[in-house]
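Asks: The primary structure of each chain is shown beneath.
Number of protein chains: 2
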Amino acid sequence: MNATIVTIGDEILIGQITDTNSGYIAKELDKIGVRVTEMLSISDDRQHIIDTLKGLQNKVDFVLITGGLGPTKDDITKKTLCDYFEDTFVRNKAVEEHIVALFTQMNFAVTQVNRDQALVPSKAIVLKNKYGTAPGMWMQKEQTVFVSMPGVPYEMKAIIAEELIPKIVKEFKRPFILHQTILTYGQGESIVAKRIEAWEDSLPDFIKLAYLPSPGRVRLRLTGRGSDEQQLRSTIDDLVKKLYELIGDIIVGIEEDETIEVVLGKLLTQKGKTVATAESCTGGKIAEVITSISGSSNYFRGSVVSYATDTKVSILGVKQSVIDTYSAVSVQVAEAMAQGVQQLIKADFAIATTGNAGPSKGDADATVGTVCIAIATPKGVFSEQFNFGQPRMKVIDRTVNKGLEMLLKEILKNY
Amino acid sequence: MNATIVTIGDEILIGQITDTNSGYIAKELDKIGVRVTEMLSISDDRQHIIDTLKGLQNKVDFVLITGGLGPTKDDITKKTLCDYFEDTFVRNKAVEEHIVALFTQMNFAVTQVNRDQALVPSKAIVLKNKYGTAPGMWMQKEQTVFVSMPGVPYEMKAIIAEELIPKIVKEFKRPFILHQTILTYGQGESIVAKRIEAWEDSLPDFIKLAYLPSPGRVRLRLTGRGSDEQQLRSTIDDLVKKLYELIGDIIVGIEEDETIEVVLGKLLTQKGKTVATAESCTGGKIAEVITSISGSSNYFRGSVVSYATDTKVSILGVKQSVIDTYSAVSVQVAEAMAQGVQQLIKADFAIATTGNAGPSKGDADATVGTVCIAIATPKGVFSEQFNFGQPRMKVIDRTVNKGLEMLLKEILKNY
Numbered sequence: 071m072n073a074t075i076v077t078i079g080d081e082i083l084i085g086q087i088t089d090t091n092s093g094y095i096a097k098e099l100d101k102i103g104v105r106v107t108e109m110l111s112i113s114d115d116r117q118h119i120i121d122t123l124k125g126l127q128n129k130v131d132f133v134l135i136t137g138g139l140g141p142t143k144d145d146i147t148k149k150t151l152c153d154y155f156e157d158t159f160v161r162n163k164a165v166e167e168h169i170v171a172l173f174t175q176m177n178f179a180v181t182q183v184n185r186d187q188a189l190v191p192s193k194a195i196v197l198k199n200k201y202g203t204a205p206g207m208w209m210q211k212e213q214t215v216f217v218s219m220p221g222v223p224y225e226m227k228a229i230i231a232e233e234l235i236p237k238i239v240k241e242f243k244r245p246f247i248l249h250q251t252i253l254t255y256g257q258g259e260s261i262v263a264k265r266i267e268a269w270e271d272s273l274p275d276f277i278k279l280a281y282l283p284s285p286g287r288v289r290l291r292l293t294g295r296g297s298d299e300q301q302l303r304s305t306i307d308d309l310v311k312k313l314y315e316l317i318g319d320i321i322v323g324i325e326e327d328e329t330i331e332v333v334l335g336k337l338l339t340q341k342g343k344t345v346a347t348a349e350s351c352t353g354g355k356i357a358e359v360i361t362s363i364s365g366s367s368n369y370f371r372g373s374v375v376s377y378a379t380d381t382k383v384s385i386l387g388v389k390q391s392v393i394d395t396y397s398a399v400s401v402q403v404a405e406a407m408a409q410g411v412q413q414l415i416k417a418d419f420a421i422a423t424t425g426n427a428g429p430s431k432g433d434a435d436a437t438v439g440t441v442c443i444a445i446a447t448p449k450g451v452f453s454e455q456f457n458f459g460q461p462r463m464k465v466i467d468r469t470v471n472k473g474l475e476m477l478l479k480e481i482l483k484n485y
Numbered sequence: 071m072n073a074t075i076v077t078i079g080d081e082i083l084i085g086q087i088t089d090t091n092s093g094y095i096a097k098e099l100d101k102i103g104v105r106v107t108e109m110l111s112i113s114d115d116r117q118h119i120i121d122t123l124k125g126l127q128n129k130v131d132f133v134l135i136t137g138g139l140g141p142t143k144d145d146i147t148k149k150t151l152c153d154y155f156e157d158t159f160v161r162n163k164a165v166e167e168h169i170v171a172l173f174t175q176m177n178f179a180v181t182q183v184n185r186d187q188a189l190v191p192s193k194a195i196v197l198k199n200k201y202g203t204a205p206g207m208w209m210q211k212e213q214t215v216f217v218s219m220p221g222v223p224y225e226m227k228a229i230i231a232e233e234l235i236p237k238i239v240k241e242f243k244r245p246f247i248l249h250q251t252i253l254t255y256g257q258g259e260s261i262v263a264k265r266i267e268a269w270e271d272s273l274p275d276f277i278k279l280a281y282l283p284s285p286g287r288v289r290l291r292l293t294g295r296g297s298d299e300q301q302l303r304s305t306i307d308d309l310v311k312k313l314y315e316l317i318g319d320i321i322v323g324i325e326e327d328e329t330i331e332v333v334l335g336k337l338l339t340q341k342g343k344t345v346a347t348a349e350s351c352t353g354g355k356i357a358e359v360i361t362s363i364s365g366s367s368n369y370f371r372g373s374v375v376s377y378a379t380d381t382k383v384s385i386l387g388v389k390q391s392v393i394d395t396y397s398a399v400s401v402q403v404a405e406a407m408a409q410g411v412q413q414l415i416k417a418d419f420a421i422a423t424t425g426n427a428g429p430s431k432g433d434a435d436a437t438v439g440t441v442c443i444a445i446a447t448p449k450g451v452f453s454e455q456f457n458f459g460q461p462r463m464k465v466i467d468r469t470v471n472k473g474l475e476m477l478l479k480e481i482l483k484n485y
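Chains as they are written, first to last, in our numbering: chain A, 71 to 485; chain B, 71 to 485.
If you're looking for bench data, these hints aren't it; they were derived computationally from the structure.
Don't take every hint at face value.
Stated by the list, open to error - Cross-link-like lysine to any residue pairs, in silico, SDA-like; alpha carbons within 20 Å at most:
#, chain 1, residue 1, chain 2, residue 2
1, A, 240, A, 72
2, B, 200, A, 463
3, A, 198, A, 172
4, B, 312, B, 268
5, B, 227, A, 88
6, A, 143, B, 271
7, A, 211, A, 195
8, A, 101, B, 88
9, B, 143, A, 291
10, A, 264, B, 174
To be verified - From the derived model, a few chain A residues whose C-beta atoms are all more than 12 Å from chain B:
#, residue
11, 180
12, 369
13, 476
As the list claims (entries may be wrong) - Heads up, incomplete: computed chain B residues facing chain A, CB under 10 Å, no partners named:
#, residue
14, 142
15, 280
16, 375
17, 462
Beta carbons: idealized from backbone N, C-alpha and C, even for Gly.
Based on the sequences and whatever the hints tell you, model everything.
Replies: Now the structure itself:
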């Protein structure tokens with residue numbers, strides 16, 4: 071059982087918008103054992119759309135299409151799909167009522183253009199778009215099911231989660247896919263590869279290994295495919311056990327789909343502890359990463375982004391003399407920031423960052439790439455200085471990852 | 071002159087990683103008049119890669135490939151490319167020296183696996199990878215140039231900006247592409263479309279219009295293609311002038327590639343004014359959007375994310391009695407937060423948000439979707455209450471956009 075994802079929109083091909091829909095769809099399909107063979111982004115062009123649909127016809131089980139369903143003239147997906155199926159439009163009563171209700175709720179007048187979004191090809195099965203006006207459409211031709219959805223992410227996501235996935239699960243038999251990702255921190259991809267070479271060579275055919283490196287960390291993903299879930303799971307469990315024997319020193323967690331912020335969140339919840347951040351060079355990104363996890367209000371107390379140097383003194387209570395003596399980018403200032411925010415916001419733990427992410431030098435004289443990170447705990451404070459090189463984006467990402475990692479390791483070890 | 075972008079990696083097809091490389095590449099190509107016909111994401115599979123390359127051979131001028139160049143066994147792009155070109159590997163001295171220098175600088179030992187990243191097909195022209203070990207490779211076959219680059223975003227970006235684009239510009243003649251995007255706030259896509267219907271029908275053939283809606287705003291993008299830059303520019307200027315006559319009341323800016331945060335940043339810089347934020351339901355996202363603009367340290371003073379309700383009192387100085395009387399989600403609390411952060415961080419302007427983004431109810435009794443936004447200015451404070459519906463992501467995005475819009479409009483009007 072496989073699928074190809076097709077995104078329609080010139081705004082993607084000129085780089086004005088990044089397609090995040092395909093990743094979401096792929097993840098949801100993967101969970102139910104539907105393999106994504108390919109993702110395509112194509113233009114709002116009738117012929118291009120038709121050629122693409124023809125090329126996929128009978129090659130894959132599902133073609134999932136997003137985009138081009140809006141009410142305006144540049145939205146041509148629905149018309150093109152209707153032509154491809156040699157079909158005609160009919161007005162769908164339920165969809166029209168839903169459109170009217172949506173507009174009424176928001177106190178907007180319903181125009182004819184809005185009402186006409188209830189026109190769907192007669193052969194289409196409608197998938198309800200809870201949050202928007204353009205319905206999803208399910209249409210089968212020979213061996214392939216074509217599903218068209220709006221490109222607005224939250225509308226598309228609700229259709230996938232509440233309409234499409236349940237329908238596929240109910241109507242199709244699928245194989246079993248199992249992923250296990252092992253999170254390692256602190257060593258590069260080639261060194262990790264060297265250490266597990268013999269283990270990697272011994273992997274059975276139905277298990278695939280992938281290295282997913284990003285600044286400061288490497289994730290190892292094992293993927294098993296087959297019909298016997300139990301056999302897959304026990305094989306992967308055995309492999310992970312052997313991996314711990316080889317590189318247990320750099321493994322920080324096992325995840326099925328977990329990042330360090332998820333692991334940290336679970337740990338804080340479980341211990342009933344809270345965290346705050348005081349951020350300079352990361353500009354609030356650690357807080358943003360922490361709060362991206364739903365339920366984070368249980369352990370995240372808040373954050374101070376002290377972007378201007380004087381706010382480190384006036385809000386976080388860092389002594390001016392410490393800044394003058396050691397400079398704004400120093401472990402001493404990072405530690406004072408961490409303890410300052412810990413007291414100010416009344417959190418058990420705090421992460422503080424100060425550094426020079428570049429490209430130009432900031433308030434302090436530190437070399438571009440220099441970053442100091444401090445962790446305040448109920449028992450005290452500690453810090454470390456790093457050089458994360460260049461460019462800016464890498465420095466910020468490595469600082470975020472390293473700060474979360476320092477806190478996670480501290481809690482695992484001492485709390 | 072056209073190009074297809076191919077991203078290689080199973081991690082993309084299972085949704086573990088979102089491909090942001092293609093968007094960046096597309097944007098850079100578009101600027102120099104190379105049209106992207108399609109973006110493809112395919113698996114780390116030898117046959118799949120070869121079939122894809124064959125399918126694109128002589129169909130497009132450029133095939134830009136990212137991913138699969140790492141030093142580990144799952145990285146098969148280089149070997150596959152070498153086979154496709156019926157070529158053999160040679161060791162590139164300059165690349166090897168660069169690899170050794172990179173590792174020496176970071177105090178890491180160089181392994182043989184690292185050194186072997188200097189092996190490249192003999193027919194390849196090397197594009198220097200300043201920040202990493204896997205070089206870019208430029209290989210021509212008949213009518214098509216194939217360029218292979220690493221998938222690590224900052225490595226790929228440096229190769230594109232400093233090696234690839236200059237090489238294309240120098241060696242190929244290209245047509246001219248001009249985009250103009252008009253930013254509107256406050257009305258839905260279908261209403262905007264209705265208001266400009268006659269204008270849209272009158273557009274010449276070489277000008278294309280696209281609607282780019284997102285929560286709270288619609289961008290209208292005009293794209294012209296041709297050989298006469300002057301004619302394109304004057305046609306688009308005339309069209310924009312007419313558009314102002316039709317919908318001037320909802321246009322907040324003209325951009326070639328500008329978002330509201332860029333427009334706001336320019337305005338604050340120009341006026342020599344500063345801004346701070348106090349955020350509850352947006353969790354720091356307004357600060358993050360503001361600081362995503364390079365140069366924002368000139369006008370962004372900092373932020374307090376008062377995630378826990380008591381921090382609104384203890385840090386921002388909101389009176390407990392105001393919270394008790396009006397509840398945490400109220401215009402009164404939003405105004406007190408805005409003025410609190412304005413004084414605390416010493417900024418000219420401040421944006422404050424408090425609301426219930428859902429999915430469950432928070433500290434306050436407000437309905438899910440209720441948001442209060444306040445703007446503090448040197449002359450006072452004002453606020454507004456909204457209902458942004460559901461889901462959570464939409465509520466947060468609309469709050470961010472609305473907060474920036476309220477501040478922008480206020481500065482444009484009164485400062």
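Asks: Would you mind marking each hint as holding or not holding in the structure?
Replies: Okay, the hints, checked on the actual structure:
| no. | hint | result |
| --- | --- | --- |
| 1 | 240/A with 72/A | holds (16 Å) |
| 2 | 200/B with 463/A | holds (15 Å) |
| 3 | 198/A with 172/A | holds (13 Å) |
| 4 | 312/B with 268/B | holds (11 Å) |
| 5 | 227/B with 88/A | holds (15 Å) |
| 6 | 143/A with 271/B | holds (10 Å) |
| 7 | 211/A with 195/A | holds (13 Å) |
| 8 | 101/A with 88/B | holds (17 Å) |
| 9 | 143/B with 291/A | holds (13 Å) |
| 10 | 264/A with 174/B | holds (19 Å) |
| 11 | 180 | violated (9 Å) |
| 12 | 369 | violated (10 Å) |
| 13 | 476 | holds (19 Å) |
| 14 | 142 | holds (4 Å) |
| 15 | 280 | holds (5 Å) |
| 16 | 375 | holds (4 Å) |
| 17 | 462 | holds (8 Å) |
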